[in-house]
Amino acid sequence: MAKLHVATTINGEPMEFLCDPGQSLLDALRGTLGLTGTKEGCGTGDCGACSITLDGRLVCSCLMLAAEAEGREIATIEGMAAGEDLHPLQQKFLEMAALQCGICTPGMLIAARNLLERNPDPTETEVRFWLAGNLCRCTGYDKIVRAVMETAEEMRGAAR
Amino acid sequence: MTDTRYLAPQTLDEAVGAFAAAAGAARILAGGTDLLVQMRAGLLRPGLIIDIKKIEEMTAIVEEPDGGFRVGAAVSGAALAEHPRFGQVWPGVLEAVNLIGSTQVQGRASPGGNLCNASPAGDSVPAMIAAGAVVTVQGPNGRRQMPVEAVPAGPGRTNLTPGEILVSFALPARPKGSGDAYLRMIPRTEMDIAVVGVGVSLTIQGGTVTAARVGLGAVAPTVLLVADAADALIGSKLDDAALEAAAAACRAACRPIDDKRGTIVYRTKVAGVLLKRTVAIAAERAGRA
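Heads up: the protein sequence lines correspond to chains U and A, in order. Taking UniProt numbering, the leading residue of the first sequence gets 1, the next gets one more, and so forth. Taking UniProt numbering, the leading residue of the second sequence gets 1, the next gets one more, and so forth.
Keep in mind that the hints are not guaranteed to be accurate.
[To be verified] Here are the simulated lysine-lysine pairs, BS3-like style, with alpha carbons at most 27 Å apart:
1. A:Lys269 with A:Lys237
2. A:Lys276 with A:Lys176
3. A:Lys260 with A:Lys237
4. A:Lys276 with A:Lys237
5. U:Lys3 with A:Lys53
6. A:Lys54 with U:Lys3
Simulated from the structure, these hints should not be mistaken for laboratory data. Since the model is a prediction, treat every value here as computed from it, not as a measurement.
Here chain A stands alone, though its shape is the one from the complex (with noise of 0.2 Å):
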C-alpha cells in the first residue's frame, strides 16, 4: 500500500480527469465498504484512490418537480432512510438498499457502490432494475445515460467505460396505484448474501396490472431484468395463472451456480416462489397508493 495517493475533489470534472489519466491503476472510493475490504485482502493495491463524497452530486437526494428522483452514486443507505419522502414513494428500493450489510455498512455503503461493485447478488440491484431507475455516468467523453440493467457485465465488471464514474440514479414518477417490493431469500435473519433476490414494481389500474418490472438477482452471472414475468403480469389481475407464467418465467431465466449457499435446483426452485410473494407485497402497496 506504500504507493497509493488519495484524492478528495470537490467536483466532477476533476475526478474524471484524474481517474482517466490513472488509467486503471485508480479505484472509486464512495462507502468503501467493498474497496476497503479488497484492499484489505490484497485483491487490489489501487495507485490512486478517488473520494467522490466531497462532490455535492455524489450525495444530493433530490424530489424532482415531476415527482421522479435522483440519488447520488455515493449516497449511504441509512441517508436514503433518513429522507422524509423517498421510502414512501419506492419503499422497495429502500428496503433492498436498507439491506446491505449492518447499522455500521449502512452508514457507507451505497447503492452505487452496490451497482459497480457488480456482484451477483447485490442487493439493490433487481430492486433498481425493476424501478426502471436510468444511470447518468460521466468520463472524458461526456455524459450519458443507461438503464441500471445495463451496467453489470458480470461477476466484478461492469460496462463503464475507462475513466467513466457512475453519478446518479434517477427513478421515475410514479403513476397513481404503484407499487414496488424486494425480497431476498438467506439462510439466517440478517447480515447474509443472497441466495436468489427478487425487486418488482407495479402498476395497477382498476384491478388490472398495467405496468410491471422484475429484476432477479443471485441466480446468473449479472442481475437480470426479465421481461417474460412483466409480461405475464401486465394485463393479468394476478390471478394464480399469471402468477404461475410469471414465477415460470424466472424459473427459466435463471443460470445459477451451484455453492455452499445454494443448489442450482434450490435457487432455481426460490425464485419462483419468490416471485409470487414479491408481487403480493408490490401489489398490496399498489392498492394503497
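Only chain U is shown next, with the shape it has when bound in the complex (with noise of 0.2 Å):
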C-alpha cells in the first residue's frame, strides 16, 4: 500500500518522512524519525505522556495521524533544551526533584511550557487544571506543581 509522504517542521527544522495512511504521529516520531523522548503511555489520549506542540497548540500526538502534520510546526522534547542549556522548567525539575520513573516527564515539561508561554504567572489552581491530562504514577504531582510555580516565578524575575 502507498506510503504517504509529509513535510512538516520539527523543532524548528524541515523534515520529511513517509507515513502508513492510519499511523499515529507519536509512532512516527519515534520510530521513523527515531525521536524517542516523546513516550507512549495509553495511547488513548488519557495520560499526556506523548504531549507535544502542534503549531503551538498542546496535543497528544497519539491522537493524531501522521498524515496530519503536513506543513504544520511540531515540538517535542527534544528541542526544549538549547545545547547544553536545560530550558529552566527542565533545570527546576531536577534541583526539585519534580520526577522519579521519568516516563511522564517529557510530556509534563512540554505542557508546562506551554501553559507559561500563554500564562506567565499562574495560579496552581491553573496550574494543576492545565495538567490534569499528564498522570504521573511516582511523584503525587506536588513536586511538579512546585516546580512549575518556581520556575514561572523566576522566569518572570528574569523577564524584568
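Reassemble the complex: the two chains are provided individually, in unrelated frames, and hints are given to aid placement.
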C-alpha cells in the first residue's frame, strides 16, 4: 500500500518522512524519526505522556495521524534544551526532584512550557487544571506543581 | 490498518463526494479524539479517513451581523475559548465544550465530533440544545438544516443520511437579558464522563422568564430537549414552585441506565438537582446581560 510523504517542521528543522495513512504521529516520531523522547503511555489520550505542540497548541501525538503533520510546526521534548543549556523548567524539575521514573516527564515539561508561554503567572489551581491530562504515578504531583510555580516565578523575575 | 487511505480535501464538495463514494467504509476526521481511540481499540478499521480541517468553513468561527454565531464543526475547544466574543455571548456553551477532556484533548476535540460521536453523555450537546443551535449538514443531495437535538439517534448513531457531513452550528442572536449555563455531575473534579449533564438557556424580561430551553444529557439513549421543563420556567419569576416543576419534568424525562458511574435512581434524582443549580447560574448571567 502506498505510503504518504509528509513535509513538516520539527523543533524548527524542516523534516520529511513517509508514513502509513493510519499511523499516529507518535508512532512516526518514535519509530520512523527516532525521536524517542516523546513517550507512549496509554495511547488513548488519557495520560499525556505523548504531549507535543502542533503550531503552538498542546496536543497528544497519539491522537493525531502522522499525515496531519503536513505543513505544520511540531515541537517535541528534543527541542526544549538549547544544546547543553536546559530550559528553566527542566533545570527546576531536576533541582526539586519533580520526577522519579521519568516516563511522564517529557509530556509534563512540554505541557508546562506551553502553559507558561500563555500564562506567565498561573495560580496553583490553574497549573493543576492545565496538567490534569498528564498522569504521574510516582510523584503525587506536588513536586511537579511546585516546580512549575517556582520556574514561573523565576522566569518572571528574569524577564524584568 | 494496512488498507486505510487518508484524504485531506480543501473543499466540502470534494469531501462529500469521497465520503459518499466510500459507501460506509469512510470515517470523518475532525479532532480525532474519538476516531483514533476507536481505531486503536480495533473497533474501527476505516478504508478511508477524510480529514475535514483543511476546509475553511469547518474551522471558522463567525459572528453574524445579526449577533448570531456560526461555529464550524471541526473548531477545537481551545480555538473556541480563544475567540474574543463567543464566550461572552454563550458562556454555557463554551464551558460545556471546554469540559471535554484535558488541555491536550481541547487542542483537538470539536463540538461537531462530540455531536456525531453520539455519546449520550457528550458534554457539549445539552448546552447546544439549550442554545437552540441548528446544524448545517451537506451530503450528495445538497445542504439541509436540522436542530441539534434531531442529530443523535442512539448511542453511537446519528440521523445523518449516508454521505452527509456535519458542517457547522448556527447559534441565534441573543435578546437582552439572556444567559446560559451547563453543569455536569461527575464523581471527580476533572477528566470524567458525565453522570448527568444539564444545559439551560434563559431570557428574562422584567424579572419574568420569557424564553427558556433545557437540554439533558447522560440519562437516556440520546441527549434530550426537555420542553416540559422549559414550559415550567417560561412565564415564571423562577419561584420555588416553578423550579420544582421544571426539576420534576427533568426527572420524568430520564430513562437512564445503571452503571458504575451511577444508578438509575441516583441519575434521576441528580437530574432535578442539577436543573435547579444550572437555572440559577443562567439566571444570574441573564441579569447581567
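Against the structure, the hints:
Distance restraint check for Lys269 (chain A) and Lys237 (chain A): the Cα-Cα separation of roughly 24 Å lies within the 27 Å cut-off, and the hinted pair is therefore satisfied. Using a Cα cut-off of 27 Å, the hinted pair Lys276 (chain A) and Lys176 (chain A) holds, with the two alpha carbons roughly 22 Å apart. Taken as a hint, the Lys260 (chain A) and Lys237 (chain A) pair is broken in the structure, with Cα atoms around 38 Å apart against an allowance of 27 Å. About 13 Å separates the Cα atoms of Lys276 (chain A) and Lys237 (chain A), which keeps this hinted pair within 27 Å; it holds.
This hinted pair checks out: Lys3 (chain U) and Lys53 (chain A) have alpha carbons roughly 21 Å apart, not beyond 27 Å. A hinted pair counts as satisfied when its Cα atoms are at most 27 Å apart, and Lys54 (chain A) with Lys3 (chain U) qualifies at roughly 20 Å.
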